[in-house]
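Student: These are the residues of each chain, in order.
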Amino acid sequence: METKFISKDKITGLISSLEGEIFVPQKRENSFHWQKYPCAFSLEGFRTSLPPKFFFYSPQEKLIEKNIIKRAVVGIKACDLRGILFLRKVFKEGDFTDPFFRDDVFIISSDCTYIHENCFCTLLGDNPYPEKGFDLNLSEVEGGFLVEIGSRKGKILVEKKQGLFSPASPEQIEESRKRREEVKNQIKGKKIEIEKNIEPEKIADEIKKCVSCSACTNICPSCFCFLLDEQSNFEKVRFLDSCQYCGYARVAGGANPRKELDKRFIYRIKCKFEYSPERFGLRGCFACGRCISACFGGINFKDVLLKLGKGCRMCNV
Amino acid sequence: MPLTNPYKPIIAKVTRVVDETPSIKTFTLVPEEKIEFKTGQFVQFTVPEVGEAPFTPSSSPFVKEEMDITIMKAGRVTEAIHCLKEGDIVGIRGPLGKGYPLEEFYGKEVLVLGGGVGMAPLRSLLLTLIAQKTKFKRIVLLYGARTPEDIVYKDQFAAWEQEGVKIHRSVDKGDGTWKERVGVVTVLFDEVKLDNEIAIVCGPPIMMKFGTFKLLEIGYKPENIYLSMEKNMSCGIGKCGHCALGPYFVCKDGPVFKYSEIKNIEDIWD
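Going line by line, the protein sequences match chains H and F. First residue of the first sequence? That's 1 in my numbering, and the numbers climb one at a time after it. First residue of the second sequence? That's 1 in my numbering, and the numbers climb one at a time after it.
There are no misleading hints in this set.
Result set (DSS-like, lysine-lysine): computed pairs, CA atoms no more than 30 Å apart in a straight line:
(1) F:Lys8 - H:Lys62
(2) F:Lys133 - F:Lys214
(3) F:Lys209 - H:Lys259
(4) F:Lys214 - H:Lys263
(5) F:Lys73 - H:Lys263
(6) F:Lys258 - H:Lys92
(7) H:Lys161 - H:Lys132
(8) F:Lys258 - H:Lys89
(9) H:Lys196 - H:Lys184
(10) H:Lys259 - F:Lys263
(11) F:Lys38 - F:Lys221
Honestly, the hints are just simulated from the structure, not real lab data.
Chain H on its own, in the form it takes in the complex:
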């Protein structure tokens, strides 16, 4: 599909044309935070501090029919788009569909223009720019952005607002390609290839630091586990849950397959790199590095993965 160009001064015109509530990243010092538009916003840099997953479902909600208002999210980065595609598989595919996961959110994604110190997407074979899963994608070039159309909804918006866009020149497309390569090269390190049979002793020192607080799972763009609470009138409330809690897998009578901390720690890694590819055809880690930033115990999950060795077929799923 034809790539468009939009100049910087017209970008607010594009965002303002979105319907419903609109969320954008706002830069504060060296991090990015979701804010409701209209407000100052920034499409530069890397992923927001919190993942955008809760624009698609709520971490705590009553599971009953309700009126919803249209929603658009701007500035989602590549890792988080992959997370949303993953969650869509979990909630929307299979014998049962979860009606409370939204697949109507309008998504304008954008390329990473520089990285966070904990980012490591290229070490898992991913790219720091969106490839699918968006309605429109913005790639920064001199004076504005290239606009890639990724869906019918995106195409309709571009046609409706055609005055905002001009055709992209071959020079601009080449500039975007070069910028993408430069950002890719900012991530240094050895490619991560995890062994299928994880040897816990290789990461025993890291496991010791874990306090089972669930920060890593809550902040993960693809962790989806939840708990149901039964209210009156046969209505349920869904809460976030975490496989890192001791009681997570306990059954009536008290049996618990993952009572020990090391089993829960390893389970999370296996869930992401071994089980998710089997369950959903997708790896469950998108290397955003948020779990590293969030960990109370100071565990560097990138180092954990590097220590777990190489030779894993799942990494290329």
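Chain H is already provided as a structure; the job is to place chain F on it using the hints.
Tutor: This is chain F only, laid out in the frame that chain H set:
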């Protein structure tokens, strides 16, 4: 918004409560809408303001107007269920998961190996097998309980025997009146000559483990041993993550698994 809400149960009325043992009761529920299930599939039993717990119906899937669910008091939700009386209103979500693949049993000897309250799903299975008994070479039931008092469906074994089911029973600890075997359920393997074709196991984890090992020892193939796996099933529809068993979610991929599918997964008996 949602056309169908998989988290919303069908309303059901408790119409009968039978005390099976001091800690096990069977509840008969009449749902507002007919619930068609395959034997081996499970449902979520909803108690308002308390919670949900998963159970496999113990009644025949051919009976569509009502459903029996046999429940041992083992935790917060089951304690609330045990307080239910005739006329109380509860919820049922389901059927969920996959049932027993009965067609794979046709023409073969089916061994049903049960322990304690694990007899609940096996009763539904037995009633299903009996209803089409000519399709199977033979139906054998080996059942163990802790004491004679802990045996569920005490008055129903004779009827199954009359239908041609070969039954052997044991208790871990007998009493003055017990005339059958004493010992763990695997002692019953001495009493019957088996063709080692199909085995279906349901019971407490320790019984499932040693029962499976015994079956393998006497020559059953791992792909012919069917196990009912107990995991923490919350949503029941493969979304919430709790019932993970290696790469599987027990709620949607099970609850019945062939031993060959899960034998390489760690901690399956915990």
